[in-house]
Amino acid sequence: MRSLRLALPKGRLSDEAIAYLQEKGIVAKDFRFDERRLIYQTSQLEILMVRARDVGQYVESQAADLGIVGEDMLQEYGFDVFVALCLPFGYCRLSVAHKKDDKSWLNLPTIRVATKYPKLASRYFFERGLYVQIYELYGSVELAPHTGLCDIIVDLVSTGQTLKAHGLQEEETILHSSARLIINPTSFFFQREAIRSLLDALNSS
Amino acid sequence: MDSNFRRRRPAYGFPFLDVQTTAILEEKSRLAQSILQRSGYRRIMPPALDFPETFSVYQGYESFRLRDGLGEDLALRSDVTVQVMKAMGNLFGKDQGIQKIYYALSVYRDIRKNYPSLREIWQIGAENLGEMPEKSMRELLPLATEILRQVFKASYTILLGDIRVLLSLEKFFGERSLRSVVYRRNAPQFKDILAQKMEEKKAQHLSLFLLYPPQSAQEFFSLWEEYRSSFPQELVFQIEGYWQKLHELCAEFPDENIKWEPLLSSPTLYYSGWFFEIYIPTLREPPVRGGEYKELLRKYSEKDLPACGFALDLSSLCGIR
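These protein sequences, in sequence, are chains A and B. 1 is the number of the first residue of the first sequence in my numbering; add one for each residue after it. 1 is the number of the first residue of the second sequence in my numbering; add one for each residue after it.
None of these hints come from the bench; they were simulated from the model. Since this is a predicted model, take the numbers as computed values, not measurements. Heads up, some of the hints might be wrong.
As the list claims (entries may be wrong) - Some chain B residues near chain A, calculated using beta-carbon distances under 8 Å:
#	residue
1	GLY40
2	ASN186
3	PRO188
4	PHE209
5	TYR212
6	VAL236
7	ARG284
To be verified - Pairwise CB distance ranges, derived in the manner of DEER restraints:
#	chain 1	residue 1	chain 2	residue 2	range
8	A	ASN203	B	ASN257	25 to 31 Å
9	A	ASN203	B	LYS153	48 to 54 Å
10	A	ASN203	B	PHE173	20 to 26 Å
11	B	THR282	A	ASN203	40 to 46 Å
12	A	ARG12	B	PHE221	54 to 60 Å
13	A	SER122	B	GLU72	28 to 34 Å
14	A	THR173	B	LYS153	37 to 43 Å
15	A	THR173	B	GLU256	31 to 37 Å
16	B	VAL236	A	ASP200	42 to 48 Å
17	A	GLY11	B	LYS153	26 to 32 Å
Where a beta carbon is used, it is the ideal one built from N, C-alpha and C, also for glycine.
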């Protein structure tokens, strides 16, 4: 039987994920990422490097058996996967932010919102009875309020330094997020013992 | 312009079954039907249209809505079992005895998530009405696996559970979201629910243990000893009773691919007792689901009678996406 295939998101989360897997003895201590490689083979896992928003798709469609992904992505895209573990890294929050000391947007009949999370953002404002127009962006969301594209943004915040550096201020938190281990259901039922021993290793203190 | 580009399919249409695909589907359907017929099942053909409320109450799929000339709302059939129970419920009131029926037809589901995904799904299903659930399950499970083995040459894993375990926990925690949490085996969310009644660390271990249980029932029961004091005795006796019966039912089957699941949930809401899903390695959704739906029949019948059945997704087994 082939080794379990794990999809990891490129970027900071993958560094934290590998450090965690090394700490739990699942990946060798000397494992290093090479900038160009997209597939790695370790003793227990085949690791695929994909974009953060693609991890869920890889696991859902069984191109990978497991994946590590932020709770924010799971909630936004609603992938049909099992969610096995809440992992102790990738902490961040999805927040509403606006230009510093400017709350004029609260009086607008229609609030223009730029975000990478249209579903979560629209649900949040809908529940509060606010009428919004959503602009879906794929990057540099902090730029949008300064160019007149939108009145406020909904974006991921880790330390808050990026917002501050761009003259923005956090208003409210929509969601607290951290990394999750997700599993393809079919993979689980056909490789149950291998996946269970991985879960035990990850869940050990 | 490239001719392939000009002739491409419309973006979000139903897949069109060409001559070759139709022939495959027809052949597989014929073989599967002959297995059911040999076991005494007789064919029915429910209508493709029904009232929207027939489908909307019991199942999680979106139906396609239509409106007739007088403004009456209608829906394209998205599930057959509810239709069958509705029709057969009246007959049962007149002492028709045990009914063994099957259908071979298509259902229409809007399975959109982020993009529209409209699907016509060819199904074959069997219903066993008025027969005791134990006897029905002993007949239906081997029938479903015989179709998978003989018609599709597929390897498979059967998961057998009892929805009443979930319903008992749902009642204990007063948590209506438990069904979806268990269906997606969302251990972090399940832990939060369990933590309402027990210590956080214990809740974390128990959530993983129940949602991702060991394969062997023996190992499960020996580990369960550690957790059973976390729940009131009455609840423990209740769910252990369901597990015991489930375990006995599993042990009766000579099929080594059957696995009992302590906690199983379904996307459709009408299952009220034993429930099974059959997975095959190449498909991400189980192509067979079935079980007991006494409550559904009770809604339409004058008498309190058992009902069991299964549906098999012929389209995905034939590779039609």
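- Query: Which numbered hints turn out to be false for this structure?
  - Reply: 1, 4, 6, 9, 11, 12, 14, 15, 16, 17
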